[in-house]
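Let's have the full structure, built from the sequences with the hints guiding it.
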Amino acid sequence: MTDFTPDEMMTIAAARQLRNDDVCFVGIGAPSAACNVARLTHAPDITLIYESGTIGTSPEVLPLSIGDGELCETALTTVGVPEMFRYWLMGGRISVGFLGAAQLDRFGNINTTVIGDYHNPKVRLPGGGGAPEIATSCGEIYITLKQAPRSMVSKIDFFTSFGHGEGGDHRQRLGIKTKGPTLLITDLAIWRPDPETKEFVVHSIHRGATKEMIQETCGWTVRYADNVDETPVPTDDELGTLRDLQARTTAAHSGKRDAA
Amino acid sequence: MTDFTPDEMMTIAAARQLRNDDVCFVGIGAPSAACNVARLTHAPDITLIYESGTIGTSPEVLPLSIGDGELCETALTTVGVPEMFRYWLMGGRISVGFLGAAQLDRFGNINTTVIGDYHNPKVRLPGGGGAPEIATSCGEIYITLKQAPRSMVSKIDFFTSFGHGEGGDHRQRLGIKTKGPTLLITDLAIWRPDPETKEFVVHSIHRGATKEMIQETCGWTVRYADNVDETPVPTDDELGTLRDLQARTTAAHSGKRDAA
Amino acid sequence: MSKFVPLSQAVSDNLHDGDVVAFEGFTHLIPHAAAHEAIRQGFKDLTLLRMTPDIVYDQMIGMGMAKKVIFSYAGNPGVGLLRRMRDAIENEYPRAIETVEHSHSAMAQAYEAGASGLPLAVFRGYKGADLPKVNPDIKMIECPYTGEKLATVPAHQPDVAFIHAQKADAKGNVLIEGIIGVQKEVALAAKRVVVTVEEMVPDFADLHPNLCILPHWTVDAIAVVPGGAHPSYTFGYYQRDNAAYLDWDKISSDRELFAAWMQENVLSATPEVFAERVRGLKND
Amino acid sequence: MSKFVPLSQAVSDNLHDGDVVAFEGFTHLIPHAAAHEAIRQGFKDLTLLRMTPDIVYDQMIGMGMAKKVIFSYAGNPGVGLLRRMRDAIENEYPRAIETVEHSHSAMAQAYEAGASGLPLAVFRGYKGADLPKVNPDIKMIECPYTGEKLATVPAHQPDVAFIHAQKADAKGNVLIEGIIGVQKEVALAAKRVVVTVEEMVPDFADLHPNLCILPHWTVDAIAVVPGGAHPSYTFGYYQRDNAAYLDWDKISSDRELFAAWMQENVLSATPEVFAERVRGLKND
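Residue numbers (this note's numbering), protein chains in the order written: chain A, 2 to 261; chain B, 2 to 261; chain C, 110 to 393; chain D, 110 to 393.
These aren't lab readings, by the way, just hints derived from the structure by calculation.
Being a predicted model, the structure only gives us computed values, none of them experimental.
Treat the hints with care, as some may be off.
[To be verified] Straight-line alpha carbon distances no greater than 30 Å define the calculated DSSO-like cross-link-like pairs of lysine-lysine that follow: (1) B/Lys178 to D/Lys112; (2) D/Lys258 to C/Lys242; (3) B/Lys178 to D/Lys248; (4) B/Lys180 to D/Lys359; (5) C/Lys258 to D/Lys242; (6) A/Lys123 to C/Lys176; (7) B/Lys212 to B/Lys178; (8) D/Lys359 to B/Lys123; (9) A/Lys178 to D/Lys112; (10) B/Lys178 to D/Lys242; (11) A/Lys180 to C/Lys242; (12) B/Lys156 to D/Lys248; (13) C/Lys242 to C/Lys177.
In structure tokens form, the structure reads like this:
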């Protein structure tokens, strides 16, 4: 199947990275779609946790917010938010945390707080939410992002959450014991950190994307792995699962009064 | 009614001190009986909390332990033990804490840890349990105790829980904001701390008890309030309620296999 | 019980100008009706406390009621930014507001510390993050056992908390279920607690022993307001009105449109309209 | 699921000589069957961790398996003292044991800190009490906001935790209800977790969403042992055998009587006897 959008490729490429025994802290948007596609395809037993306190959810439709009733109804159990952050996140029970970004640098550091100066911002963004501790408490971090020069920048305006800092062993120097960002999946490529410098390098390019497109939408000079693959295109099953999920979601969320 | 034992008088005198709007942290034994007699007589809406996590219990029979199923079955809600100690006790929501003692001094300091040296004890007692924080977190502390020279001593071997320390403003000097022991009810008398020195003085003597009996069973020189009353004897209702409760309790706990 | 009062009285008895107030709810059970009543009564100089200030705080900020907001994520969930709050921060319209920003973990644990009567929360957090540079309330202490540097934040102890819940019984005990968020913690951390509920039931007999319940003696006032969480939702009663959240993005994007909407839907409305608003959203 | 194993294997796979081990239960759900299996397998030099060591720890101490006990209340609940534990402390029989003593509040919060992955618990406690003088693990820190001195204790992080619970589902998720004690916290604080349950059910469908559940991926081994808490009780299954607690006072008062009782009722017994022991105690 070749009839797919870059967004779909991004979601499906992210879904493939998840294992059946992963415990994922899921954010809204592309991460939520990816996690649920994984659950509905190759990873039926994956544990999805949303920061609203729902543990082991299997929603029929994607939630619009992090705390939709659907998440609670389909969860194994729902705990309070303080417990979620204490026992489950800080307790070190999450294998994969998914984060998005307004600004991302080459070392996986993320800004979702402000554009411009913090005290006199050009744009006041929503802020970090769970991200500052997700970034350091989860076993590893996967980042999904649509490439754009204003998003992939050489220097972020604010460290909402810490990736690899200045690179190298910066995490260890701060006493952080988790791996941090190990994967960046964009609408054009799959990136992984260089084992030494921790700078993200492209390992796989999605069909239809080019090195030129990747560089044009990235604010730093892109580096490539020695062997760059083409990302396998979505299978019929993957694409069908994603589209069905999104169709169910649109139907459920668009109706206002008749959604009952 | 005059046909009552000193133990019954102690329990009933303690029950009378409780108000309908009190929130009590209840220990096993005499405190539990007193709290439930209060609930079954003049204080039907009193909130009884046991440290096992049961909030607002109304047991039909007295529990043998602090965590009997009866407490949970009749509770408004049952929370975990960490929450009990954090939100409910340390959170400052308990108006009255009831404590017993193996050794008690004239300032309401209590020992339930060891007789003799801590590291080489003559008798190893059970220890403090919740008492160290009950003594400082509850609004005020009521103590019940059968008088005996080995129990009411001039110097306790170990400060399991802090009463008024050396007396006077010792609590305030330690930064403790609660009142501490405000009442001591024995099988012979009702004692209250002197407003200045905080030493327990006798305010009321139970019928059948004498000043001689009180002094003989107390290891310090007993002081008396200016006006010492006679404790009103148990009413028919009080005594009937207590005896019915104890009869139900005995019946429920004595049967082993046929208790089901 | 005298605890059951009309919403207008519950608000006027317990909220005052200058208070630190939390209208809490984590997507679920957001006390919109109570917040709208507070808007109608026109309080000033409030410090608004909440993990996820969303449209109801956008409304209060847009009405100029807030001098300060303490928060960890200020967005319209699943939709985007809070445009009235942005206008206040970026353009000081209708007035300047101070912001004190935390992570979710810090906020949740600050409520937990407040409920526990402690002056601070201690946790592993903020490592490598910039928030400690811009929020002087965030400090670090050293673990006396391991030497690890741990973060601290002051406990939240609001003057008054407003929450919405499913049910109260006749004595005024309150039941919360589903996504319980920080509802219990904010109530126990606050000096005064006002609860709106979907309904009053005679008692909670036959409920599971371990449910999330606030005993009546922890609650100051209860108002029965069916639909009182709309456009948020009440698990077991009605669904989230996602369309209303999408609409808000438009309404809040324009100062005049906002003012007109507030006049029609809040200032000229009453708590009774909430029951009507959730009619089409009810669960089977 | 391979998580479901016979009790003997669950114990031998997860417990080792020298381990810090918690058999937790707050009057309710005390994992007697698992402890008896550990006694039969004859482990040595254990550090026993528990808020309320009662007769099952008295038995293990009396059998000489413990080198250290960390606790907050060592008594036979509602009956009196622990006579085997006293014999060990007062007379070093059958061996000397070290004791590390806390308050309940400290122990509960140390489990909570362990479950939270923190190195310590910080709380308001021990004011004026003598325990800090005899337990060097108790330290004080100063609140950076208020200057108040607060107590700290190291987090509990046992090598292995044993708990008893009502039910597991086919995937190995575990349900705990009634007096839930510190069951969840000790399980989440421990490196390895063994659970005995009354029964296995296909799934937890139709249960209330907010119940106390340990997901299967937090549990290492599950053994189905009906009656496995006896003479403690399992809410919803059978009552506490109060008479057995009263009997223990006699049995434990004499070294030889104790040895004979252990031989007959533990060393020569199997997990299957527990179902028989609760037969007359079952709830309707």
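So, going through the hints one by one against the coordinates:
1. B/Lys178 to D/Lys112: Roughly 50 Å separates the two Cα atoms, so the pair is violated.
2. D/Lys258 to C/Lys242: holds, 26 Å
3. B/Lys178 to D/Lys248: Holds, at about 21 Å.
4. B/Lys180 to D/Lys359: Roughly 41 Å separates the two Cα atoms, so the pair is violated.
5. C/Lys258 to D/Lys242: Holds, at about 26 Å.
6. A/Lys123 to C/Lys176: holds, 21 Å
7. B/Lys212 to B/Lys178: Given that 30 Å is the threshold and the Cα spacing comes to 34 Å, the pair is violated.
8. D/Lys359 to B/Lys123: holds, 21 Å
9. A/Lys178 to D/Lys112: holds, 29 Å
10. B/Lys178 to D/Lys242: holds, 22 Å
11. A/Lys180 to C/Lys242: Distance of about 24 Å is within 30 Å: holds.
12. B/Lys156 to D/Lys248: Given that 30 Å is the threshold and the Cα spacing comes to 26 Å, the pair holds.
13. C/Lys242 to C/Lys177: It holds: about 19 Å lies between the C-alpha atoms, which stays within 30 Å.
In the structure shown, a violation is registered for the earlier hints numbered 1, 4, 7, in ascending order.
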